[in-house]
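If you read the sequences in order, they're chains S and D. According to our numbering, the stretch in the first sequence is residues 1 to 305, in order. According to our numbering, the stretch in the second sequence is residues 1001 to 1257, in order.
I should point out that these hints are in silico values taken from the structure, not numbers from a laboratory. What you were told as hints is all true, and nothing was included just to trick you.
Stretches of chain D that chain S covers, calculated by requiring three or more beta carbons in the stretch to come under 8 Å of a beta carbon on chain S:
1. 1021 to 1032
2. 1195 to 1208
Partial list, derived from the structure: chain S residues whose beta carbon lies under 8 Å from chain D:
3. His267
4. Arg292
5. Ser305
Only some residues are given here: those of chain D computed to face chain S with a beta carbon under 8 Å:
6. Arg1003
7. Asp1016
8. His1043
9. His1070
10. His1073
11. Pro1217
12. Arg1223
13. Pro1224
14. Gly1227
15. Val1228
16. Tyr1230
17. Leu1235
18. Ala1237
In this text, a Cβ means the ideal position worked out from N, Cα and C, and glycines have one as well.
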Amino acid sequence: MGRLDIPIRRTTYEVAFKESVAALRDAGLPFACMGSLALWALGGPTPNLQQDLDFAICEEDVETAKSALRDAGFAIQQPPEDWLFKAWSGEVEGPDSALVDLIHRPAGLRITPDLLTRCERRGLLALDVGVLSATDLLVTKLHAITEQNADYGSTLQFARSLRERIDWTALAQRASTTPFGMSFLVLVELLGIAPDRTLSTQLQSDVRLRDLLAGTPGLQDEFGPSPSQLEHLAQAIAEDERSSTLDIHVGTTRGRITLHGEATNEHHRAEVEDVVRSLAPGLDVDNRIRVRDFSATSTTAEQIS
Amino acid sequence: MIRIAAIGDVHVGLDDAGSIAPALVDLHDHADVLLIAGDLTRHGDPAEAEVLARELADVQVPVLVVLGNHDHHLDRSADIVRVLTEAGLQVLEGDFVRLELAGSTLGVVGAKGFGGGFEGACGSEFGEPEMKSFIRHTRGIADELRELVVAADADHVVALLHYAPTAETCAGERREIFPFLGSYLLGEAIDAGRVELALHGHAHHGTERGTTTGGTPVRNVARPLVGVAYRRYELGASRHAPANDGLRGLAPVPAAT
Chain S
1 MGRLDIPIRR
11 TTYEVAFKES
21 VAALRDAGLP
31 FACMGSLALW
41 ALGGPTPNLQ
51 QDLDFAICEE
61 DVETAKSALR
71 DAGFAIQQPP
81 EDWLFKAWSG
91 EVEGPDSALV
101 DLIHRPAGLR
111 ITPDLLTRCE
121 RRGLLALDVG
131 VLSATDLLVT
141 KLHAITEQNA
151 DYGSTLQFAR
161 SLRERIDWTA
171 LAQRASTTPF
181 GMSFLVLVEL
191 LGIAPDRTLS
201 TQLQSDVRLR
211 DLLAGTPGLQ
221 DEFGPSPSQL
231 EHLAQAIAED
241 ERSSTLDIHV
251 GTTRGRITLH
261 GEATNEHHRA
271 EVEDVVRSLA
281 PGLDVDNRIR
291 VRDFSATSTT
301 AEQIS
Chain D
1001 MIRIAAIGDV
1011 HVGLDDAGSI
1021 APALVDLHDH
1031 ADVLLIAGDL
1041 TRHGDPAEAE
1051 VLARELADVQ
1061 VPVLVVLGNH
1071 DHHLDRSADI
1081 VRVLTEAGLQ
1091 VLEGDFVRLE
1101 LAGSTLGVVG
1111 AKGFGGGFEG
1121 ACGSEFGEPE
1131 MKSFIRHTRG
1141 IADELRELVV
1151 AADADHVVAL
1161 LHYAPTAETC
1171 AGERREIFPF
1181 LGSYLLGEAI
1191 DAGRVELALH
1201 GHAHHGTERG
1211 TTTGGTPVRN
1221 VARPLVGVAY
1231 RRYELGASRH
1241 APANDGLRGL
1251 APVPAAT
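Based on the provided sequences and hints, a complete structural model is requested.
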């Protein structure tokens, strides 16, 4: 530990880390390190320990964890965010206090007992602690990406420093559920961060593109149906007698086919979906077609002349 | 004054029995005639036309219709015309019909129309036979329409089409498909005579109100666009009806729902 380069408040944070780990451990609560601590424990860069320490706990353990930490001398603070609470080693928001974040729902993902039991055990500052797996950590980081904060920098850095520890196949399955996750998979593959070219294959098998319009020229898109394939589907919806409509827009999000537009009734709406499913067996279809009520009449007449 | 109810693109399927009739129960209280601007059926099956005929069976005013592209899909348009005619509807395929209504006469010029595009972006009779026949079909209909419009003899004249006679009522659709939505040739034909109102459908995502190049009011009554069972128009309500020659501006438009 003496080799750590932490010139300021080193003692405060070290002590806070040790005392919070001991309190949670002695209370018998499953928990694991997250954030920069975990990255460090797994072989990543040395963290700036003046920032907060992050622990993952289960939601059902929140109250027990609060009292355990309170008994150990921490000041408990419940911020407006309902996915974590804060424990201060001194006064709340005091200048000399170290801050420990106890998180049970990072970026909308629920911390489960199962997740905590599959943690790797690591020695950290002379204590044996659980650390979220590199794959789980990466998934939480990817889920934190939003349109307003679409910064892939730290995530790519993370992936590069822990590339051997990431279960890329599992990551591809879990990350492909969001647009940002899918983009990330493309990035790590094209940047050569991912060890092999399995990610796009994973995505391809997810959407079963091979089944989609087999024999159609241009079946080479690796990340979802191509615009020409979607157009073929739209034309099939027009030409198939069951649907016979030009009012349906065929799109794709997250590897699924999305249907927008209007059908004349519920049966027609289902028929359109059937046409798509018969052409693309096994494909996920998100049917957002509306059925409208046209029974109202105009209350006023327009005077033309 | 002549009261018109109009709708288009009802796309009746075999599963649509009961979907239209209830909204038409009191139609005769509001209108002297019902005009339907094509795409009567989902894919041109005469059995679908039978469903529509049953839905319209209790309507107590004359019903005049044109066919749309959907009604041609199975190449059985003649059977559809027969079904509808036997049910008492008047199917206009390049026809003029004069009705005695409420003390004056209404002339309806009706044709399906076709595509080709609007000023600045049109197809022409050039190149492959398929391309030439595409535009020839539109020109043939437009020429027919022009003759009917010029000869139309009635107090009030309305044009009933499926395809759009102006780009204005297509606005909202993607510009790339405008040549499949209508033709300026139809608008020119309408402007050749005394048409007071042109009705069409087909452009589901278009705009309800517009005018032809010559200033004739155009209304897109495609049901997915207007969102109601039918629109209502009144002709001759003004004591100062405009002369039907030359350019006309759009009459003041009351709020419609």
